[in-house]
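Visitor: My request is simple: use the sequences and hints to build the entire structure.
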Amino acid sequence: MRDARKGHCVETVFGSLWKYTKGGVQSISVNPKHYAFSNVFEVVSQSKPYERVAVGKNLKYVLEAVRSEGESPWYAADHDEAALIMDGEVEVHLIQPDKPAVPLGKEGAVKLAGEPKGKKMGWMKIRRGHLALLPKGAAYQFRGAAPGVVLLQSMQGDCTVEKWAQICQLR
Amino acid sequence: MIRENFNVSTVVPPQLRNKQGYQNFQIGQFRFERDEYFAQILYPGNRHIVPIETFLRALARDVAWGFFYGTVSFDAIFGTINRYGTVEMFIGLHNAAYRSAHKEYVETFASKDLRRVFDSMLADWTNQEFDPFAAPGETGTPYGRKHGDNLKAVDRERSAAKRMVGLPGDLKIRAGSDGLEVNRSFADVPQDQPELHPEPGFEDQVRAVNLFAHMSRSDTTWNPSVVSVVQDSLLCATTEEYVLPIIHGNDRVEWLVQLSDEIIWDIEDKITGMPACKLVMKAGDVAALPADIRHRGYAPKRSMVLVWENNDGTLPHRHAVGELTPYPVVF
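These protein sequences, in sequence, are chains U and F. Here the working numbering is used: the first residue of the first sequence is 1, the next is one more, and so on. Here the working numbering is used: the first residue of the second sequence is 1001, the next is one more, and so on.
If you are wondering where the hints come from, they were derived from the structure by calculation, not from laboratory data. Take these hints with a grain of salt, some might be off.
Stretch-level coverage of chain U by chain F, calculated; a stretch enters the list once three of its residues show a Cβ under 8 Å from a Cβ in chain F [stated by the list, open to error]:
id	segment
1	11-24
2	38-47
3	56-62
So these bits of chain F aren't anywhere near chain U, every CB distance computed over 10 Å [unchecked claim]:
id	residue
4	Q1029
5	D1035
6	R1047
7	A1064
8	N1082
9	T1086
10	T1108
11	F1133
12	R1158
13	D1178
14	A1320
In the EDC-like style, the derived pairs of lysine to aspartate or glutamate whose C-alpha atoms are separated by at most 20 Å in a straight line are [stated by the list, open to error]:
id	chain 1	residue 1	chain 2	residue 2
15	U	K120	F	E1195
16	U	K60	F	D1232
17	U	K33	F	D1269
None of these values were measured; they are calculated from a predicted model. Each residue gets a CB set at the ideal place from its N, CA and C atoms; glycine is no exception.
Guide: So, in structure tokens, the structure goes:
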């Protein structure tokens, strides 16, 4: 796209599952492992559908990279979560369970046994760049017709997968 | 080391304007003067000079962010350290040469007192055509004698969502109707909206926004704003172009998620300033910034970044006493 004021072409570079370029730590005097450097597209390209791989961890909080492909399990959390779509398109279906799906104070997302009984809250179709609220207490399911990449803001929990040595720059 | 502590900050009212038309400011034993090209920082026994554009860009962020997390260095010599209620203002404290020669100088002020002085200084020293938050290619210059002001630009507060941007009653999504047009460097960023299909009664909970479109309309650079909150976990969106106007030494671990384009970060030891590494961040890259470093970023093209912070107020102390490692994960 051409920037009319400046007369030059504008290209904003976003990555995708199929096309990304990874940077890195160029060490002078540090151990690159201390920077836990990874790339969400690379991580997701090696993930199973809906495996919630931690790419960021700040004590009890995490950022999880997720491959959205097909239908996910139903999840719920006793705190808000947020989903940022980094690539592709996904539907998010929400249900208000008849009874709490997650113990009070439980940290992180919990995988539910199946679709919970409750009131349908609605659904969203979100694409790259869209940020969606996953409200506290609501059960949610992702549905992706094609592989996509979701970055989840959450807390470390039973569903969080940590495999830092496999995803991070080691040297 | 010379260290002065003031339980009650000494704030001297600004004097009459100097011959270039600018007010001088004093707090404690620091005195600030500006001329056509420079900010001059006078302290007992010496003075430090900073180019005025460098100074105003850093000052604007220190003010807007309420002294931010940890250390905000305006350059290799001068800066502030947030102690959350008080602020240390220093010369050479995080400079190996000053430290080895015992030439560093520090005073402690009540945050509200230093904030008042910095607010006034920023308002008086910013001329009418200069916006310290804008990319250099999108604003005028700060140089010359006093001519007008730009209060609209310098009075910006750090915008922060309480739960998520775009929710009812929360931080408003940016829109052209508010005069926030898509930035020239993001002219190709899609402005489509999520499809929302809430059932009756759940309109406030089935919510999504186009965050990239929101970011494409930012009229500031290097100015993180909170867009999503999970307890103390804050996702802060920012658009970056040219050079981070401060050198940030955090008092906790923070993380970067590069959403678009590329930024190169210079990483140094937080105390000595010795170079540690370069971080090259491309779209999709995620990296931690350990709690024992300071950093400055360079963005050749305007880019989108998520800065991820942990707002837990106990963290600075827990890092300071060694309870927490500077690194977020061990593997």
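Visitor: Determine for every hint whether it applies to the structure shown.
Guide: To see whether the hints hold, each was checked on the structure:
1. With a threshold of 8 Å between beta carbons, the proposed coverage of the segment 11-24 of chain U by chain F holds, since 10 of its residues qualify and at least three are required.
2. Residues of the segment 38-47 of chain U lying with their CB closer than 8 Å to a CB of chain F number 5, which satisfies the three-residue condition for coverage.
3. Chain F is given as covering the segment 56-62 of chain U, and this holds because 5 residues of the stretch bring a CB closer than 8 Å to a CB of that chain, at least three being needed.
4. Distance check on Q1029 (chain F): its Cβ is at least 36 Å (rounded) from any Cβ of chain U, clearing the 10 Å threshold; non-interface status holds.
5. With a least CB separation of 33 Å from chain U, D1035 (chain F) remains clear of the 10 Å interface cut-off, as annotated.
6. Every Cβ of chain U is farther than 10 Å from the Cβ of R1047 (chain F); the closest lies at roughly 33 Å, confirming the non-interface assignment.
7. No beta-carbon of chain U is positioned within 10 Å of the beta-carbon of A1064 (chain F); the least distance is around 23 Å.
8. Distance check for N1082 (chain F) against chain U: the nearest CB is about 19 Å away, which clears 10 Å, and the non-interface claim stands.
9. Taking the minimum C-beta to C-beta distance to chain U, about 25 Å, the non-interface status of T1086 (chain F) holds against the 10 Å cut.
10. At roughly 29 Å, the least C-beta separation between T1108 (chain F) and chain U is larger than 10 Å, which holds for a residue marked as non-interface.
11. Non-interface call for F1133 (chain F) relative to chain U: holds, since the shortest CB-CB distance, roughly 19 Å, exceeds 10 Å.
12. A cut-off of 10 Å between C-beta atoms confirms that R1158 (chain F) is not in contact with chain U; the least separation is 19 Å.
13. Residue-level check passed: D1178 (chain F) sits 19 Å from the nearest beta carbon of chain U, beyond 10 Å.
14. With 10 Å as the threshold on Cβ separation, the claim that A1320 (chain F) sits away from chain U holds: the shortest Cβ distance comes to roughly 16 Å.
15. With a C-alpha separation of about 16 Å, the suggested pair K120 (chain U) and E1195 (chain F) falls inside the 20 Å cut-off, and the hint holds.
16. Distance check on the hinted pair: K60 (chain U) and D1232 (chain F) sit about 10 Å apart at the alpha-carbon level, within 20 Å; holds.
17. The straight-line distance between the Cα atoms of K33 (chain U) and D1269 (chain F) is roughly 16 Å, inside the 20 Å bound, and the hint therefore holds.
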